[in-house]
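2 protein chains.
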Amino acid sequence: MHKKGLLGQLIQSFCCLPGVGPKTAQRMVFQLLQRDRNSAKALAETLLQAIKEIGYCQQCRTLTEYSLCEICADKSRDDSTICIVESPADAWIVDQATAFKGHYFVLHGRLSPLDGIGPDELGLNILEQRLASGNIKELILATNSTVEGEATAYFIGELAAKHHVQASRIAHGVPMGGELEFTDSSTLLHAFNGRRNLDTNVA
Amino acid sequence: MHKKGLLGQLIQSFCCLPGVGPKTAQRMVFQLLQRDRNSAKALAETLLQAIKEIGYCQQCRTLTEYSLCEICADKSRDDSTICIVESPADAWIVDQATAFKGHYFVLHGRLSPLDGIGPDELGLNILEQRLASGNIKELILATNSTVEGEATAYFIGELAAKHHVQASRIAHGVPMGGELEFTDSSTLLHAFNGRRNLDTNVA
Ligand SMILES: [Zn+2]
Ligand SMILES: [Zn+2]
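If you're matching them up, the sequences are chains A and B in order.
Counting in the working numbering, the first sequence runs from 1 upward without gaps.
Counting in the working numbering, the second sequence runs from 1 upward without gaps.
Worth double-checking, as some hints may not be accurate.
Copies of one chain are not kept apart here, so a pair can be met inside one copy or by any two copies together.
Claimed, not checked - The calculated SDA-like cross-link candidates involving lysine to any residue, where the alpha carbons are at most 20 Å apart (straight line), are:
hint, residue 1, residue 2
1, LYS162, CYS72
2, LYS137, PRO175
3, LYS162, GLU181
4, LYS162, GLY123
5, LYS137, ALA99
6, LYS162, ARG130
7, LYS41, THR183
Derived from the structure by calculation, the hints contain no laboratory data.
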């Protein structure tokens, strides 16, 4: 039905969204066209504007329509602490989940020599300039805990050391509310080895 | 982070999609802008075009960019059998799930006198013209099995009878693969009362 028509094309287009299969795309399209054409129009127009205007922050490389993103431009934030993340989405998520009021630096990937992704591709030359400026006190390494994410964190840690800047790695372990029974063994091993003394035990 | 920016607005816009909360909207927006700007552009442009061009089929009232939808315009389909559904989405779903090769008629709702939705609002005057033409052999009533959907099916059944057209109601019962234990009691009652003899028992 209508498979070749505009409706079919539109359903197809919605299938490019993450986690959206044909059934969900169908539901979205019918709702937008049947009940919600104003919202649909706003969605389409905002998306076109974003595609046109959103680029990368000169300083931290996150997505923004400005030359400096709102965080880098925010004078009330601490520019001596930088949280290093792999993607703009990660920066957004950390900022929502934590009370962190420092700056971010977005790698747009992780070191992967076989794919031709070296330090320059991750903008580490830009980061190194900031480290060399002497204004940075701490780097928080929040890359993913994959093999490449760990290697990237290690590499940036070395860079920080070279410039006498302290680097820390976010903790990995059993998720909050997670049960040991359902935790994979490498996470469990990491959690076990990374155990810390309870504050009450510190006499 | 960016909450007031274009990125925040865009995430907000995606929250109007059915089943999409802020976290999912976030994931969609970052994927579109980071990895998939061509698909994003196609999505936005197709959506704008659809909002502008898609209206209703003159004959069956489904969504289409033509004056006659592809089904109504398809000479190979049987125009003597009409499946009555509440929404364009329902017509689409029936057409995908079944081998039905007849026509549809879309009510865009169900009878609801208290809300001022009577026969004319559902286009039943248009349907009646088709019934009166003498070319219709069967109406298949595929409205939902809600109280209002049942009342609507009953009303249209009467209309068909008046014009000596056969009307049938789609079957309701325990879903295929569904277990009795997890079936609600009204469905179960309906399934029980609507039981049919096994073909093998018909001697
Ligand atoms: Zn920035
Ligand atoms: Zn039609």
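With 20 Å as the alpha-carbon cut-off, assign the pair LYS162 and ARG130 to within, between, both or neither. For LYS162 and ARG130, only the intra-copy Cα distance (13 Å) is at most 20 Å; the inter-copy one is 83 Å.
How do LYS137 and ALA99 come out at 20 Å by Cα distance, when the copy is not named: within, between, both, or neither? within (18 Å within a copy, 68 Å between copies)
Homo-oligomer pair classification [GLY123, LYS162; C-alpha up to 20 Å]: The answer is within: 17 Å in one copy meets 20 Å, while 76 Å across copies does not.
If the cut is 20 Å between Cα atoms, do LYS162 and GLU181 qualify within a copy, between copies, both or neither? neither (42 Å within a copy, 66 Å between copies)
Are the CA atoms of LYS137 and PRO175 at most 20 Å apart within a copy, between copies, both, or neither? Intra 29 Å, inter 63 Å, cutoff 20 Å: neither.
How would you label the pair LYS41, THR183 (within, between, both, or neither) given a Cα cut-off of 20 Å? Neither. Shortest intra-copy (44 Å) and inter-copy (40 Å) distances fail the 20 Å Cα cut-off.
At most 20 Å between alpha carbons: which applies to LYS162 and CYS72, within, between, both or neither? neither (24 Å within a copy, 73 Å between copies)
Of the numbered hints listed earlier, those contradicted by the structure are 1, 2, 3 and 7.
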